[in-house]
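Chemist: With the hints as constraints, model all of the structure from the sequences given.
As you go down the protein sequences, you meet chains A and B in turn. Note that the first sequence covers residues 1 to 403 in the numbering used here. Note that the second sequence covers residues 404 to 633 in the numbering used here.
Quick caveat, the hints were computed from the structure, so don't treat them as lab data. Take every hint as true, because none was put in to throw you off.
Derived DSS-like pairs: lysine-lysine, alpha-carbon spacing no greater than 30 Å straight-line:
# : chain 1 : residue 1 : chain 2 : residue 2
1 : A       : Lys155    : A       : Lys203
2 : A       : Lys59     : A       : Lys282
3 : A       : Lys6      : B       : Lys504
4 : B       : Lys478    : A       : Lys395
5 : A       : Lys395    : B       : Lys504
Restraint ranges, calculated between C-beta atoms of paired labels, are given here:
#  : chain 1 : residue 1 : chain 2 : residue 2 : range
6  : A       : Trp355    : B       : Ser527    : 41 to 51 Å
7  : A       : Ile301    : B       : Arg433    : 49 to 59 Å
8  : A       : Ile20     : B       : Glu626    : 57 to 67 Å
9  : A       : Arg14     : B       : Asp549    : 20 to 30 Å
10 : A       : Arg326    : B       : Gln430    : 33 to 43 Å
11 : A       : Glu400    : B       : Glu626    : 24 to 34 Å
12 : A       : Asn2      : B       : Ser416    : 35 to 45 Å
13 : B       : Arg433    : A       : Glu400    : 19 to 29 Å
14 : A       : Ile20     : B       : Arg433    : 51 to 61 Å
15 : A       : Glu400    : B       : Val487    : 23 to 33 Å
Listed next, the stretches of chain A that the computed footprint assigns to chain B, with coverage defined by at least 3 CB atoms under 8 Å from CB atoms of chain B:
#  : stretch
16 : 6–12
17 : 321–333
18 : 392–401
Here a beta-carbon is modelled for each residue, glycine too, at the ideal position from N, C-alpha and C.
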Amino acid sequence: MNLAFKDIRHNFGRFALTAIGIGLLLMLVMGMGGIYRGLVDDATLLINRIDADLWVVQKNTRGPFAEISRIPANVEDRVRAVPEVASSSDFISHTIQREQAGQPLRMTVQGISWPQDNGDWLPLIAGRRLEQAHFEMVADKSLGLPLGHRMVLGKDTYTVVGITRNMASTSGDSMVFVTLADSQSIQYDQPGEAVRLEREARKSRASDFDPGRTQPEILNRAAGPSSGIPALGPPPVSAVLVKVMPGADQGQVAATIASWPDVSVYTAEAQRQLLVSGMVDKSRRQLALFRGLLIIVSAIIMALILYTLTLDKIHDIAVLKLMGGRNMVIINLILQQALLLGAIGYGIAYVAGQWVFPVFPRRVLIVNEDLWMLAGIVIGISVLASMLGIWRAMKVQPNEVIA
Amino acid sequence: MVGDSNHLAVEASGLTKVYGSGNTEVQALRGVDLSLARGEVMALLGPSGAGKSTLLAIVGLVNEPTAGRITMDGKVVVSEGHFVVDVRTFRRQRMGFVFQKANLIPFLTAAENVRIAMEINDQSPRAARRRAMELLDYLGVADRGDHYPNMLSGGQQQRVAVARALANEPSLILADEPTAALDSVRGRQVMELFRKVAHERQAGVIVVTHDHRSLDVFDRALEMEDGLIQ
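Modeler: As structure tokens, then:
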């Protein structure tokens with residue numbers, strides 16, 4: 001006869017409520033692990049997806065994921081000229097916030113070097129990739145923008161032509177992908193009045209110095225678009241992505257580019273490590289600490305619940321001892337209930353998590369490794385939690401029944 | 404009907420029990436001698452504080468005496484004030500207990516309360532189930548086998564408790580004021596039940612009681628006072 005099951009059967013309501021409580025607590029522990037995994041995965045997602053061999057960034061910076069990095073766009077051409085480089089492309093990424101149906105819509109705009117890069121690395125779940133140089137965008141599903149949706153960004157209207165899944169930036173914002181030129185246009189967009197004022201200011205400055213007075217063409221250009229002024233190159237980019245030829249010496253290529261005085265070079269793995277150890281590290285430690293505290297709290301609550309359940313049965317345990325029941329009969333009663341409570345709580349945590357986690361604003365990534373680890377922890381805290389109850393039960397003397 | 408030592412359920416000699424020491428010392432038992440044959444039902448009477456429950460706890464191998472010797476079924480179980488056997492095993496295999504309150508386990512049905520006594524004594528679940536129903540039938544509560552204790556009357560609970568005490572065919576049954584919570588009619592029924600059990604199942608039964616109205620049921624009645632049997 002299994003006394004643990006008999007007790008649960010008789011006090012099913014109380015046990016079920018307790019299991020639900022433990023389950024919700026374990027769901028939080030599970031969620032914390034998932035949030036951490038999601039954080040790291042989001043942070044490294046783009047690096048993994050883009051799959052560049054080398055990242056060329058502004059000299060003495062750690063790249064666009066760690067800090068502001070600006071390098072001239074023509075670095076792409078210089079990189080392409082390096083022996084054993086298969087291809088290179090500009091990388092531009094910036095975050096904007098707009099309103100959609102009265103709600104703030106925050107998104108990271110990612111430029112793609114179209115047409116060299118056709119975005120075949122994007123995980124499309126609907127629609128197609130970019131097929132023209134301007135005014136098309138691929139948006140992540142989490143933004144809630146349907147195919148064909150039109151949105152004004154800067155001074156232009158963009159149409160959603162494709163939908164991706166789980167594409168988020170390092171800060172967790174959902175991503176949209178446009179061509180590099182469109183990305184720069186959105187990033188450096190200024191109101192018409194600001195442009196007019198800047199042109200007037202340039203014209204005024206040019207008229208006050210000798211070249212402006214002696215070369216009327218400069219004065220004319222100063223009053224025109226910025227792109228027409230030779231001194232002002234195209235807007236800078238955040239980084240240049242490099243793919244080396246198959247079988248080529250990646251280290252040699254990196255060393256060549258690193259010798260240039262205006263850029264630094266990182267491998268994709270180095271970029272990934274910079275992200276995880278830098279940007280994500282504090283969040284990771286904070287989540288780990290919070291997770292640890294939750295596990296301790298869960299263990300304490302479980303211990304108190306099991307202790308209370310044991311206290312409720314303390315007279316029955318004394319009766320069992322008086323009848324000659326072995327200690328194992330009593331230990332099994334408490335331990336099996338603890339393990340069952342942990343197992344059912346774990347099941348509830350898993351099932352409830354499947355419903356709740358997708359609603360979280362940031363991605364909660366539950367991986368099998370974490371599930372197994374949590375299962376081990378639950379077994380551990382169930383056993384530990386039952387110790388208090390077992391200790392109390394072992395102290396009970398059979399003469400308490402007679403008394 | 405005290406028989407020879409081979410037929411004695413229990414034989415105790417020189418039992419003393421001292422609680423505390425110095426000024427707080429209390430002598431609960433002062434050299435008690437006692438013998439009980441199998442099939443005999445004996446009443447232990449006396450005022451509160453006379454030492455009845457202490458004697459029961461010592462004979463029931465729950466507490467060690469300060470001094471004395473106890474033999475059960477011809478086997479020495481307490482010598483010079485100390486247990487010399489695995490008392491839990493001994494209680495499990497050879498003793499049954501009934502109390503003022505039935506002390507049934509509330510999350511087990513009546514039948515399961517009887518079964519548990521046999522299963523912790525390593526009987527197979529099937530055999531335990533069959534015997535539990537036989538015992539409940541013997542005690543007239545077979546129709547209540549599936550009921551939880553809180554669904555039974557006080558008398559029915561005590562019958563189930565007696566069935567549990569009989570489960571492992573003990574040589575000794577100890578009952579501590581088993582009728583205190585029952586009305587006189589039901590109280591007498593329970594006392595008669597003990598007599599029936601003792602005679603039909605050849606178990607020695609010691610009943611601690613204050614109820615003088617049912618003394619005719621017992622084979623022998625002993626009076627205790629100040630830790631001594633009068």
